[in-house]
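S.K.: Keeping their order, the protein sequence lines are chains A and B.
Just so we're aligned, residue 807 is where the first sequence starts under our numbering, counting upward by one.
Just so we're aligned, residue 12 is where the second sequence starts under our numbering, counting upward by one.
Each hint should be verified, as a subset may be incorrect.
[Unchecked claim] Distance ranges between label pairs, derived from CB positions:
hint : chain 1 : residue 1 : chain 2 : residue 2 : range
1    : A       : T891      : B       : D659      : 28 to 38 Å
2    : A       : P852      : B       : D659      : 35 to 45 Å
3    : A       : Q858      : B       : N653      : 16 to 26 Å
4    : B       : T429      : A       : E903      : 36 to 46 Å
If you are wondering where the hints come from, they were derived from the structure by calculation, not from laboratory data.
No experiment lies behind these values; they were computed from the predicted model shown.
Quick reminder that beta carbons are idealized off the backbone N, C-alpha and C, glycines included.
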Amino acid sequence: MTESQKNHGRRKADLTRAYELIAFRIGAQEFCVDIMSVREIRGWTPVTPLPQSPGFVRGVVNLRGAVLPIVDLAARLGFTAAEPTARHVIIVTQIGEQVVGLLVDAVSDILTVTDDLVQATPDVASEMAKTFVRAVIAVEKRMISLIAVDHILPEPKWTGA
Amino acid sequence: MDSLAAIKQTFFQECEEQLAELESGLLAIEGGIQDSETVNAVFRAVHSIKGGAGAFALDDLVRFAHVFETALDHLRAGLLLPSAEVTGCMLRAADVLADLVRAARDGGSVDAARCKALGEELAALDPDGAGTVPETDDGMDGIDFAPVLVELDDLDALPAPSGRHFTIRFTPHPDLYAKANDAAVILREITRLGDATITCDTSDVPLLSELDPEGSCLSWTIRLRTASDAAAVREVFEFVEGDCDVAISAEAEEDGEDLDVAALLARLQGEVAGETAEATAQQLIADETPLPGSEVIDLSEVRRQGKAHEVAPEPASKPEATAASTAAPPTIRVDLDRVDRLIDLVGELVINQAMLAQRVFEAGLARASGVAAGLDELEQLTREIQDSVMAIRAQPVKSVFQRIPRLVREVAALTGKTVRLVTEGEATEVDKTVIERLSDPLTHMIRNAIDHGLESPEARLEKGKPAEGQVRLSALHRSGRIVIEVADDGAGIDRPKVKAIAARKGLVAADAVLSDEEIDNLIFLPGFSTAASISDISGRGVGMDVVKRSIQALGGRISIASRPGEGSTFTMSLPLTLAVLDGMVVTVAGQTLVVPLTAIVETLQPKAVEVHGLGGAARVIAIREHFVPLIDVGRELGYRGNDADPLDCVALLVESEGGARNALLVDAILGQRQVVIKSLEANYRHVPGIAAATILGDGRVALILDVDAVVARSRSDAASHETFLAAAG
Chain A
807 MTESQKNHGR RKADLTRAYE LIAFRIGAQE FCVDIMSVRE IRGWTPVTPL PQSPGFVRGV
867 VNLRGAVLPI VDLAARLGFT AAEPTARHVI IVTQIGEQVV GLLVDAVSDI LTVTDDLVQA
927 TPDVASEMAK TFVRAVIAVE KRMISLIAVD HILPEPKWTG A
Chain B
12 MDSLAAIKQT FFQECEEQLA ELESGLLAIE GGIQDSETVN AVFRAVHSIK GGAGAFALDD
72 LVRFAHVFET ALDHLRAGLL LPSAEVTGCM LRAADVLADL VRAARDGGSV DAARCKALGE
132 ELAALDPDGA GTVPETDDGM DGIDFAPVLV ELDDLDALPA PSGRHFTIRF TPHPDLYAKA
192 NDAAVILREI TRLGDATITC DTSDVPLLSE LDPEGSCLSW TIRLRTASDA AAVREVFEFV
252 EGDCDVAISA EAEEDGEDLD VAALLARLQG EVAGETAEAT AQQLIADETP LPGSEVIDLS
312 EVRRQGKAHE VAPEPASKPE ATAASTAAPP TIRVDLDRVD RLIDLVGELV INQAMLAQRV
372 FEAGLARASG VAAGLDELEQ LTREIQDSVM AIRAQPVKSV FQRIPRLVRE VAALTGKTVR
432 LVTEGEATEV DKTVIERLSD PLTHMIRNAI DHGLESPEAR LEKGKPAEGQ VRLSALHRSG
492 RIVIEVADDG AGIDRPKVKA IAARKGLVAA DAVLSDEEID NLIFLPGFST AASISDISGR
552 GVGMDVVKRS IQALGGRISI ASRPGEGSTF TMSLPLTLAV LDGMVVTVAG QTLVVPLTAI
612 VETLQPKAVE VHGLGGAARV IAIREHFVPL IDVGRELGYR GNDADPLDCV ALLVESEGGA
672 RNALLVDAIL GQRQVVIKSL EANYRHVPGI AAATILGDGR VALILDVDAV VARSRSDAAS
732 HETFLAAAG
């Protein structure tokens, strides 16, 4: 919690200065998350599927003794679900108090961006864009969407049995 | 300062003793032992704590102890009868006192509201109905000693005795105490002026029964040799002017009667004799254990000194109880989070070790190779570390057992039976989480043993047994589990009666042929109650089935051994910790699952003739003439769309909440294993049908099945299915 608060605080403070992002690819599009929320990057390992879970939750893996849920970011963002291979990558991300693995095609870049490069998400019809894209960043004529990680996990609507 | 800390530590060690004595004394009083020795012992325990606390300026503790002491004094004087209400209140007060002591020792905080409420409750016990809480020490303290911190460096700094002599007669009014002043403080101020010889006049102290706890019965005569003048002496009394009588007269020198500070401290009321304060203190130190460089008089020394003077109306009962003889083993207190983190890490280590072992095995390294030998050692070390870490959280079952005597008395009183409780193995240790959840089932079992197990005294005498029944409660470790037994020497289970009742209630077929063991186990069925009349204690039909369920929830098992006429023994076996679980590893539709072993009654291979369809999609399986619902785990969890062929599967007969039996269909059984429980909620959320997760030797996550949830789910699925059919038709 304190860690994420710290990250959050830093992110805010850094909006006026340069800050670092990890960019990754899903299909043809590029996305990024704040490097401060990334714990580690791992290769794909087979998951244990969870019953009664949304399609974008692939299952859980063992992260050094902790149970790590794996979210298929492609499925979450409305693309076709990934068919993971050993070349797929899991970005282990801190979201609030939880640690979640984001399954992506590949990590493409580490960016240092300044505030002036960050633009508000253009008002498009896509529900997905409104929910999961916090901002867009223009880098070298590419457009990279900044993921709103706190919306990635499903709402805990039925916590009971 | 070090010596002060050491003395403080001694005080707290003594407090622990006093608290134990207090509790056992109160329990004895509650049990009907009301001789003056017991009551006095209880009173002394509280008083000693209060006295010591005063010396260390532990104000909260002093205040509460004082109120408690006042109530106990009424008890001692016979003004208050030890009714169940009174002793109950006092036992709770003892808990608060213990909390306060611990808070004072460890710097924690106490529940102020509870403390206050009990303080008021205690005050309300005042037979005069006054109900007020005196804030300061009053005449009451004349009864026993009240140690006061004596700072010898102050005494060292005394002005050279010279000049004037005064005789001061100091008689406080009750108002002085009511205004939260303290005679002791004033007397101490006077001693700072010079050499003071203080004599306490106790001639006005009435008999205890007539003593007004808020009154003032003591007066003091002080002979003071000082360099100061009369005005300075008068100034000492400035704050209490009007609330006391002070007569100061200058006097010619006389050095006859001197002050024994120790005795004064020990018994404010005491006859006093001795040297100057300084000399007495030195003498005290020399007389008893030498304490070179000590700045403070050890309380126990003072108390012993007081006893040696034999001025106490009642001598202390445990003068030999010095710190050395009863010192608790040294302990440190650690944040629970840190311990939990350590347990997590060790869990990871265990998994890692298992993975490593599997990889070595897979790599085909021979058993004799150095690698395999090293691995064995690693495994042994890992287990040892795990056991040691678990031991950190372990606590003796004493904390649960301690509540039982009270329960036994209550139930015995309600049933009119006389019961003797024997406890064994109180020091047996088990994980904190288990301890916390042990109390309820144990309470049920003890109640049942007394209410249903033991016969009435008359019936016992008829059978040639002693009128007093015996309930034995014991705990021991057996093969990595804790076994708790509740045994009674009553009539044993009346099997024909049990079977008749079960048959009448439709729990079992009337003509069923049951073994003794099966009949005994009928009492665990929900809704079963053998008591002819529903009593307050048990027999609401929520008895043993609830016990069984809560024990199963802890991953435990319960069994009965009963011999007609000789009694019954209920044995529960519990895991030592809730962090690991004994599970059966199974595969379902290619997934590996763990089923808690405690839920499984038996496993079987379904045969074609045993499986029957029932209604739409439902199937049942015949197990010894009983039809049991067949639930396909793979389908319930959504691993496969269609029901598997039961003939290719293995059925696990499970007992779920309420004792209902179901057969769970799984593909194959891989084996039985102890697994470390990992939370799914920590990084995700609760998953229906899944209790938790674990990590297997191959490093993969396996889910632990929540048997009750899966069974409940299969029911609701069927219900919605049928509703749908009804709507469609």
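S.K.: Going through the earlier hints one by one, which of them does the structure break, listed in rising order?
M.R.: 2 and 4
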